[in-house]
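Got chain F; can you put chain B on it based on the hints?
Here the protein sequences come in this chain order: F and B. Residue numbering for the first sequence follows this note's numbering, beginning at 1 and increasing consecutively. Residue numbering for the second sequence follows this note's numbering, beginning at 1 and increasing consecutively.
Incorrect hints may appear among the rest.
The list that follows gives simulated cross-link-like pairs (lysine-lysine, DSS-like), each with its CA atoms no further than 30 Å apart [to be verified]:
1. B:Lys460 x F:Lys515
2. F:Lys568 x F:Lys515
3. F:Lys561 x B:Lys460
4. F:Lys22 x F:Lys152
5. B:Lys49 x F:Lys460
6. F:Lys530 x B:Lys460
7. B:Lys49 x F:Lys49
One-sided and incomplete, this derived list gives chain B residues near chain F with beta-carbon spacing under 8 Å [claimed, not checked]:
8. Leu47
9. Leu166
10. Leu167
11. Pro168
12. Val396
13. Ile406
14. Val407
15. Ile455
16. Lys530
17. Gly532
18. Ala536
19. His537
20. Thr539
21. Val548
22. Pro550
It is worth saying that the hints were derived from the structure and are not from the lab. Beta carbons are placed, not taken as given, at the ideal position from N, Cα and C, and that holds for glycine.
Protein chains: 2
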Amino acid sequence: MVAILRVNMRTGAMQRKPLQGKALIMGGRRLTSEIVAQEVPPLCHPLGKHNKLVLACGPLGGTLVSSVNRLSIGAKSPLTGGIKESNAGGVTAYLMGRLGLRAIVLEDKPQTSGQWRILHITAACANLIPANDLAGLGVFKKAEILHERYGKDCGLTLIGPVAERLLPSAGITNTDPDAMPSRYNGRGGLGAVMASKGILAIVFDAKEATKEVLHDAKVFSALSRQVAELINTTPQTAEIFRKYGTSAMMATTNAIGALPTRNFSLGSFNGFEKINADALYNNIVQRGGVGSPSHACMKGCLIKCSNVYPSADGKQVLCSPMEYETMGLMGSNLDIDDLDAIARLNNVCNDLGIDTIELGAALGIAMETGVLPFGDVQATENALEEIRQGTVFGRVLAAGAAVTGIVLGSLRVPVVKNQALPAYDPRSIKGLGVTYATSTQGADHTAGNTARAPIPQHLKDHQVETSKNAQRGFTLMDSLGFCLMLGGAVKDLNLMLDLVHARYGVRVSLEEVQKAAANTLQQEREFNLKAGLSEAHDTLPEFFYEEVNPTNQAVFDISQKEMQEVFK
Amino acid sequence: MVAILRVNMRTGAMQRKPLQGKALIMGGRRLTSEIVAQEVPPLCHPLGKHNKLVLACGPLGGTLVSSVNRLSIGAKSPLTGGIKESNAGGVTAYLMGRLGLRAIVLEDKPQTSGQWRILHITAACANLIPANDLAGLGVFKKAEILHERYGKDCGLTLIGPVAERLLPSAGITNTDPDAMPSRYNGRGGLGAVMASKGILAIVFDAKEATKEVLHDAKVFSALSRQVAELINTTPQTAEIFRKYGTSAMMATTNAIGALPTRNFSLGSFNGFEKINADALYNNIVQRGGVGSPSHACMKGCLIKCSNVYPSADGKQVLCSPMEYETMGLMGSNLDIDDLDAIARLNNVCNDLGIDTIELGAALGIAMETGVLPFGDVQATENALEEIRQGTVFGRVLAAGAAVTGIVLGSLRVPVVKNQALPAYDPRSIKGLGVTYATSTQGADHTAGNTARAPIPQHLKDHQVETSKNAQRGFTLMDSLGFCLMLGGAVKDLNLMLDLVHARYGVRVSLEEVQKAAANTLQQEREFNLKAGLSEAHDTLPEFFYEEVNPTNQAVFDISQKEMQEVFK
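Extracted from the complex, chain F is given alone in its bound form (with noise of 0.2 Å):
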């Protein structure tokens, strides 16, 4: 049986509801997304009683077909205003398949702040349980005594102490195969929103979950060698990300004047080749150890484009794991371009539970305006330490760029619906930018990323297009909990069907889902609209429009109403 449970945070009431027939399918940002536009008014305080937070798994989640398990978290965004979903991996999304759930629910919030729980959920039954012992401690210490506490093979969802500051850069934090607290639903300051409802954590203990039948077990075996065999023959899954991960992508924008520089003020980074793919690469493998080159994220994932990044002597864990958003938003976005610091800045952010574009963002402003000298690895890990602390000044940081910009009197300001901009300049990637600016998620590059479209990427010509259609793409993929990545291997979606088909023997075709990717898109459109965030909202920062980015010379040239074409 699947199901949604639901649970009431001030009551403590809670029901789980199965799903049946087509709605098996239902899953990811599609029922994120549905869940909170049908259920949540759209003028709500974000971290009032009447917001929701939604957790939810594709229809392949908790299956180990690789790359099918990404956890999508939804919710009235306190960062945007807006519908917000995002997505990680970790084991999360694995383990509430294995429990028979497809999401969920924490509704209203407790009467009274400061009483913290966990919601400890097993095959059996799930509990609210006291946890104010573990407030204010960061996120790996957290883990470490859920973990001790309730054995090491449980998944942990939760978040750190700028969540429970409620600050709208908090981001939700789940554990990888190897019990690492790292795989972030960074985006959109949904850690604030779990933190409204009183829970520091969710643990997921599926020891006892009995082993599932499969519709058609046998064709489900062969299908999901398929999908091993297309990601271990497709040389971007199987070479690139493998090898490289999401770093990959530096060797690209920085050559196309797309790589953010010292708050978005360059495209190129003279220090790239000290912080790029092959840097990270080199440092891995010449250090071994405890590091790893290539690690899956989410349980049976054959991509691997994961990694463990150690100390120069290889016995610890810097990072785990070194992100492209992450090397461009606090490496050269900042002026520095030392890979372990970004490393130890990274694994601070993890532990404080903070999404590292936003702060990458936050922090460029901060230097650009002198409050923080640029390239100053010392001044940025002080800073770090007062999100901490929870000065003042580390909690404008934590508030994300838009108030950061705010306080600190800037105009260059890269922010989207309030969402600081992710590790692509707009300029040099117009269908991003048009995905930035048109998203109903804010600037967000897994909401539809243009930046491998075969297209010059500077030029305004079927920008429009290619951002819509990989709006629709990924809204597709995040709806069905498969990772973007999938997408290089597995050209055909259909081979993904028929693995859902052999799971429930529930038919849907490919023309379903799409037709479903586009109307999510129209559902947390009008749920925005409702909310305030209308066509006005649809552009990029003053700025962008009118400096031209020195690597192509190129200014951002997409009218607000040519980028309206993206909705028809």
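This is chain B only, laid out in the frame that chain F set:
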């Protein structure tokens, strides 16, 4: 000749364009909003080169008719993101009228920041004069130096250090007839817009202005005496306003539960009698000396609702003027029951150039979240010193209540469209709640105050209609440069339009100006919609709908749909 002066802040180019015929009636809010709506791109950055700062007087500006020399300043607001008109007394509008200027428009911005200038205007010419030496100084010191430099009889419109830091609660101040810089266009961060234009002050020197030739001097003089007679024989203006000024309101608001107390958690204040109108009046009269309970903020004003609040020994000005809004927001709202302390705090705010409503709300949040203790005058003074020094905490407070709420993790943030609520609890004066929610200006009592409407204030009946009429009526007054207090005495505005005719020989009907006011509201709303302030923004903070006001057990219960009737 009456003209509009435009100054390009990048090139220094100036242009004077005369007004003729019925355009001579254009003024105040009608004119600022028309110029902003027609010329400022709604999506532009409020502190960027595309925004414009517009100062406008009304069609009787420059005359000595009582209460007709209000100054409107307009722009796209850095606080609300929408169109803004903020209104003040002082001598500016009078001197503009004397200098033949109906409006001054500051356009574009200097190419390099940090180069400050003043705009010096005489009857003969206007000049931009370097003034870096004034940067960083408080408003009082700036005014003192400018008065030394250009003569005490010059009028000044100037900004303080909060504006120089581009913070969105920065106001613009004007000198009063005693050369005291204390009459604030306080709301919406217009001081930051002025700073973004690189202008620290506008100096108005009308010494060589020629005597105006009126269309019908005899009639004008007779009508002007009629206005004076009405003011002097109407109890509301001649007795209540002249004696108590705006502080008269506190008796009503405290009684009906509308006096914001402890961050709008209560509607009545235990310390009410220590800070009410009687306390204010009695202190001023008993102390004597420089104090005065009745003071004209504008030349020729007979209402004299303003005051000069002296030190205990009567020798020094503690604050001029003390207004109800500040006594509420920085008194009861902060649990401060010491009138002298409020006066000192107010005076520091005047020197910093900050909106006391916005700051009072921000401090209320800081106190409720425990960052400052409620009622602690010394801690509040320290916070103001942090604003002066530009510490991060000071900047957060000066960024306004909404930003303060995000940074400090508060869910009880009394703002609409990011602008703080004035000193009237919308649960207890529901028509004003409707005005707060639906005004183009964000929460603003001067956009349509219904506190004196003869209906039960905490019931929902008739509130929408009452607000609608008040919004139109107030817009009309603001568009003619008339003080809102004048309406208490002059019930038939045809008298005022006869004065306009006697001045210019141009006849305009009451119906025409009423229609124009409705058009102005429509024009502002259309600008806001294009700027991203949609119907969704026409709402009050969630807590007013859910928390009961302890004085009258009321919640705000007028739905968004019901409030939209205001626009019909």
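Now the hints, each set against the structure:
no.: 1; hint: B:Lys460 x F:Lys515; verdict: 45 Å, violated
no.: 2; hint: F:Lys568 x F:Lys515; verdict: 14 Å, holds
no.: 3; hint: F:Lys561 x B:Lys460; verdict: 41 Å, violated
no.: 4; hint: F:Lys22 x F:Lys152; verdict: 35 Å, violated
no.: 5; hint: B:Lys49 x F:Lys460; verdict: 25 Å, holds
no.: 6; hint: F:Lys530 x B:Lys460; verdict: 24 Å, holds
no.: 7; hint: B:Lys49 x F:Lys49; verdict: 41 Å, violated
no.: 8; hint: Leu47; verdict: 6 Å, holds
no.: 9; hint: Leu166; verdict: 4 Å, holds
no.: 10; hint: Leu167; verdict: 7 Å, holds
no.: 11; hint: Pro168; verdict: 6 Å, holds
no.: 12; hint: Val396; verdict: 6 Å, holds
no.: 13; hint: Ile406; verdict: 5 Å, holds
no.: 14; hint: Val407; verdict: 5 Å, holds
no.: 15; hint: Ile455; verdict: 27 Å, violated
no.: 16; hint: Lys530; verdict: 6 Å, holds
no.: 17; hint: Gly532; verdict: 3 Å, holds
no.: 18; hint: Ala536; verdict: 3 Å, holds
no.: 19; hint: His537; verdict: 5 Å, holds
no.: 20; hint: Thr539; verdict: 6 Å, holds
no.: 21; hint: Val548; verdict: 15 Å, violated
no.: 22; hint: Pro550; verdict: 18 Å, violated
In summary, the structure is inconsistent with hints 1, 3, 4, 7, 15, 21, 22 from the numbered list given earlier, while agreeing with the others.
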